[in-house]
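For the sequence shown, the working numbering gives the first residue as 1, with consecutive numbering after it.
Just so you know, these hints were derived from the structure itself, not from any lab.
Among these hints, one or two may not hold up.
Pairwise CB distance ranges, derived in the manner of DEER restraints [stated by the list, open to error]:
hint, residue 1, residue 2, range
1, Thr-72, Gly-33, 42 to 50 Å
2, Ile-16, Thr-191, 33 to 41 Å
3, Gln-325, Arg-198, 39 to 47 Å
4, Thr-130, Thr-191, 19 to 27 Å
5, Asp-372, Ser-119, 14 to 22 Å
6, Glu-203, Ala-25, 42 to 50 Å
7, Gly-33, Glu-203, 52 to 60 Å
8, Glu-240, Gly-86, 27 to 35 Å
9, Thr-104, Pro-127, 45 to 53 Å
10, Ala-128, Asp-388, 36 to 44 Å
11, Thr-197, Asp-318, 16 to 24 Å
12, Met-281, Gly-315, 39 to 47 Å
13, Ala-128, Asp-318, 28 to 36 Å
14, Thr-104, Ser-322, 18 to 26 Å
Using N, Cα and C, we set each Cβ at its ideal position, and we do this for glycine too.
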Amino acid sequence: MALITDISCVLPRPDIGELYLQTTAEMSRRLLGGAPVIPGSSESVLSAVMAGSINLAHGFVTQALKENDPSTMCCDNLVRYGSLHGYNLLGATRAKGYVAITGTPGAVIPDDFRVTGGSGREYKLDPAVTFNPSSLDSGGGAVLRMVATLAGAIYNLPTGSRLVVATTTPDIDLEATAVGNGFIGGTADETCEQLRTRILASEKAFAITTNAAWFCQNSLTYPGVTRCCLDECRQCCPDELLIYVFMHGVYGDQITAPYGVPPVEVLDAMTEWMFGRMPGMGQGLAPFGVRGAYVCARPSALTITAWCTEGCPTGGRDRIISAVQAYLAALTCVGPALCKEDVRAVASTAFGQSNCFSDVRLSFDVGVAFEDASHIYLDCGQFAVLKDVVLNQGPPPPIEPPPPYLPPPAPAALGGCCPVVPDQKSITGTGTTSDVLEVGVVDGGEDV
Numbered sequence: 001m002a003l004i005t006d007i008s009c010v011l012p013r014p015d016i017g018e019l020y021l022q023t024t025a026e027m028s029r030r031l032l033g034g035a036p037v038i039p040g041s042s043e044s045v046l047s048a049v050m051a052g053s054i055n056l057a058h059g060f061v062t063q064a065l066k067e068n069d070p071s072t073m074c075c076d077n078l079v080r081y082g083s084l085h086g087y088n089l090l091g092a093t094r095a096k097g098y099v100a101i102t103g104t105p106g107a108v109i110p111d112d113f114r115v116t117g118g119s120g121r122e123y124k125l126d127p128a129v130t131f132n133p134s135s136l137d138s139g140g141g142a143v144l145r146m147v148a149t150l151a152g153a154i155y156n157l158p159t160g161s162r163l164v165v166a167t168t169t170p171d172i173d174l175e176a177t178a179v180g181n182g183f184i185g186g187t188a189d190e191t192c193e194q195l196r197t198r199i200l201a202s203e204k205a206f207a208i209t210t211n212a213a214w215f216c217q218n219s220l221t222y223p224g225v226t227r228c229c230l231d232e233c234r235q236c237c238p239d240e241l242l243i244y245v246f247m248h249g250v251y252g253d254q255i256t257a258p259y260g261v262p263p264v265e266v267l268d269a270m271t272e273w274m275f276g277r278m279p280g281m282g283q284g285l286a287p288f289g290v291r292g293a294y295v296c297a298r299p300s301a302l303t304i305t306a307w308c309t310e311g312c313p314t315g316g317r318d319r320i321i322s323a324v325q326a327y328l329a330a331l332t333c334v335g336p337a338l339c340k341e342d343v344r345a346v347a348s349t350a351f352g353q354s355n356c357f358s359d360v361r362l363s364f365d366v367g368v369a370f371e372d373a374s375h376i377y378l379d380c381g382q383f384a385v386l387k388d389v390v391l392n393q394g395p396p397p398p399i400e401p402p403p404p405y406l407p408p409p410a411p412a413a414l415g416g417c418c419p420v421v422p423d424q425k426s427i428t429g430t431g432t433t434s435d436v437l438e439v440g441v442v443d444g445g446e447d448v
């Protein structure tokens, strides 16, 4: 009887009892002339030894096959296999994030400032950054980049988590709040099974796909980042990748300046993290040959002017403001094509079905590349925010038609239409937030 019928998938290991019976049958036929093999005889012992040897040989072969497959090999061999292919066990990491504190305006933030959470979690000022403020601002608030004192996933916290100031500072309130994307990045030491999962996933992908989604997915793992996008404007940028990130809740929010745009120091730190000190050399997360930078998005303030047919109802303006702000916050990102009819529809719906506009007009203060009958096209790097809603009585005044659409000129040579941004400070002068966002006056005279 054949013991192995199929070796196309898994090499089976024959049963030692079946091997013994088959061997004793051969001994009886060849040596004893058909007489039975007596238990304990030389023939019986020899049959048992041969059956065991065959079973053991099959075991060695099966284990050798298992140890050549990263999905089944033992931990020691998996670590050796990973190191030969560029995958090493990862050590524990500490969680990082942003904390908002309040207190007396101008209060000094000590260098040993710490906050604590539940279960004995403790966080300190992140020594890896230089942009943490040294005191509270004129409004009595500050946002600090902090890091857990120890490694582990237990130190990861969601946005809005309440913390307690552990440093004795009379002018700083005891309550603190995790903002941005909370505290992220804390992990324990990688286990063999986690290493196995990482190796198999990487080998399944064969190569890193560095498309826009890959860059934004990794950007969202940076402390504080809540949104990431690339330009939607009609531009040519084949050799320089410009990435825009927002930190809502850390630096303003969707409706409060600076609208989540981080200062230039933070963007420079992110550029070094992703692209390295020498862009294109593969020193950061980006692969070799990919050059780029994180740059500041700039707000374009929208004013909506409408004329009511039969009087403007009380509260109509506030409803329009809330609806349009939510609509603009949901836009994909910078450099969009803003559909005029969509904005008018949002305003009309919020105004109420029993009311009607005779006309709704849109105007931006800065950042408009061009306009046609249906869309307003923002410049590269610009994003829309609502400045004001003006409701008027009576018929609207006549309006001049928009200029004819002229498509942007084609570049003279490959890469000739894109600005090279090697360093944020080289294009912003002093390197301050006000330099980066100096685009006009928004929200009743407040500089943005």
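Query raised in the report: Which numbered hints are broken by the structure, listed smallest first?
Result: 4, 5, 9, 11, 12, 13, 14
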